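Line order of the protein sequences matches chains A and B.
Going by the working numbering, the letters in the first sequence line up with residues 11 to 280, in that order.
Going by the working numbering, the letters in the second sequence line up with residues 11 to 280, in that order.
Not one of these hints is a red herring.
Label pairs and their computed distance ranges (CB to CB): (1) P159(B) x Q162(A): 27 to 37 angstroms; (2) L43(A) x T12(B): 33 to 43 angstroms; (3) P47(A) x G239(B): 45 to 55 angstroms; (4) R261(B) x L209(A): 54 to 64 angstroms; (5) P211(B) x E15(A): 49 to 59 angstroms; (6) G109(A) x E147(B): 31 to 41 angstroms.
Counterexamples of contact, computed for chain A against chain B with all Cβ distances above 12 angstroms: (7) E15; (8) K16; (9) D41; (10) P47; (11) A52; (12) K55; (13) C92; (14) S189; (15) G205; (16) K229; (17) K268; (18) A273.
Treat the hints as calculated values from the structure; they're not laboratory data.
Note that this is a predicted model, so its numbers are computed, not measured.
Beta carbons: idealized from backbone N, C-alpha and C, even for Gly.
There are 2 protein chains.
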Amino acid sequence: MTFREKLTNIIKKKQSLLCVGLDTDIEKIPDFLKSDPEPLFAFNKAIIDATAEYAAAFKVNTAFYEAYGAAGWSALEKTFACIPAGTLKIADAKRGDIGNTAKMYAKAVFEKLKADAVTLNAYMGKDSAAPFLQDPEKGVFFLCLTSNPGSQDFQYFNDGKHKLYERIALTVNEWNGNSNCGLVVGATHPEELRGIRSLVPGLPFLIPGIGAQGGDLEKSVQYGLDENGTGALFNSSRAIIYASGDKSFARAASIAAKDTRDALNKTKRI
Amino acid sequence: MTFREKLTNIIKKKQSLLCVGLDTDIEKIPDFLKSDPEPLFAFNKAIIDATAEYAAAFKVNTAFYEAYGAAGWSALEKTFACIPAGTLKIADAKRGDIGNTAKMYAKAVFEKLKADAVTLNAYMGKDSAAPFLQDPEKGVFFLCLTSNPGSQDFQYFNDGKHKLYERIALTVNEWNGNSNCGLVVGATHPEELRGIRSLVPGLPFLIPGIGAQGGDLEKSVQYGLDENGTGALFNSSRAIIYASGDKSFARAASIAAKDTRDALNKTKRI
Chain A
11 MTFREKLTNI IKKKQSLLCV GLDTDIEKIP DFLKSDPEPL FAFNKAIIDA
61 TAEYAAAFKV NTAFYEAYGA AGWSALEKTF ACIPAGTLKI ADAKRGDIGN
111 TAKMYAKAVF EKLKADAVTL NAYMGKDSAA PFLQDPEKGV FFLCLTSNPG
161 SQDFQYFNDG KHKLYERIAL TVNEWNGNSN CGLVVGATHP EELRGIRSLV
211 PGLPFLIPGI GAQGGDLEKS VQYGLDENGT GALFNSSRAI IYASGDKSFA
261 RAASIAAKDT RDALNKTKRI
Chain B
11 MTFREKLTNI IKKKQSLLCV GLDTDIEKIP DFLKSDPEPL FAFNKAIIDA
61 TAEYAAAFKV NTAFYEAYGA AGWSALEKTF ACIPAGTLKI ADAKRGDIGN
111 TAKMYAKAVF EKLKADAVTL NAYMGKDSAA PFLQDPEKGV FFLCLTSNPG
161 SQDFQYFNDG KHKLYERIAL TVNEWNGNSN CGLVVGATHP EELRGIRSLV
211 PGLPFLIPGI GAQGGDLEKS VQYGLDENGT GALFNSSRAI IYASGDKSFA
261 RAASIAAKDT RDALNKTKRI
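So here's chain A without its partners, still in its complex pose (with noise of 0.2 angstroms):
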């Protein structure tokens, strides 16, 4: 089965579009998890367990857990593990490096972590992503239009005919011979969403930006999923995981989530 199968498949079963972030931070997590022995993963497995029910795909920001070195890491691996089976799990690793090294990541992801799914930087170009291409059941998100202010510095460079991120998108279209490439568009640039899809009507997108960054719920789903209602992964992390900060911060997720799923959802329908 290709990721794209798989992909579509679990938003069909789960019902759902939603993708929760794991972008977990020490210092936002609830007071009394502190003095856990292993307060990351003790706050994921908590919200992995109140939330999964409503979530399509759960994505691991590998930068909130590598700055707590190697044991960080081993809260990265642990939460990967506890992640139930028949929900995607994608390393959000920004990775890119040249043939030999991308094969290092590509290990790390795919083999250590279990991932089923990766999103990468395509600068460095075709070398760097064909080691994270080879396996058709691992899936892999390019950055395309990001969601922050910094997507202006680069993203719209034009060289006429194009702008950087529609050359990213229709490269990466290009590199889709195992279908098991997709793209990061935000949520924070519709009207481009828009013209995303028209270029590529067939690649998935994981969309962040529609919780804390403030990008539009409504305009991402009619603009972003493909023509089966099945194109686009729509990802919240802290409007979900920080929904409360005391006991009931599991609780809060659980609500969070089933209301946003039920959002993309009603949306989807209109």
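With the hints as your guide, set chain B onto chain A.
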């Protein structure tokens, strides 16, 4: 002291432009080391001890350690800790992510690993770079024109005035208010290197590709240095650290490092 001043001082004091790249692959280290409880660290320590005399800097490629999960990160931390004072420590991480995530990455490389500098991908723009640039003592080398074949895919994208890699060079020059920015420019592109040096005369370059990748050492030195002869570090990884695959590996690495340093200095004087 700014990062730029630190770099200049070390190059002058050690009379070396050499950066030794610790891209340590467990499959390539001598067999007798593979039974060591910490084979990556044991190898690195021997290489560092044998080559530090000839190296202005060590560049540690984080991918090669992440591939081994928490144990790999432990080897990474111990490797950074045993690089002697008076030699630059560069974390070759090629990171790039939005502001709140970038802060975590900056913490990982500057606080946990105590690196002097890091490599970053500029694609996500200024807010992704800002957390790394706050401390003038810590340097950032941004990917400009990379040494691999895939550099052709996006880096030459042209807006009619500049190619993308030139636009990145000019923009990074604007971010250099703390005198701590630099660029990664591959030795495999000597003519472009000359062009970039004339665009940004003051930025230091990290130049990979002079060893196993077959870049042109003489032209890279001729075109890459600034007018003071201190504006670049030349990285060699595989040609030095795997100079021999048997018990004499450290001695062979020492000779290869000395020869490379001497070749760089000789070319500099021509």
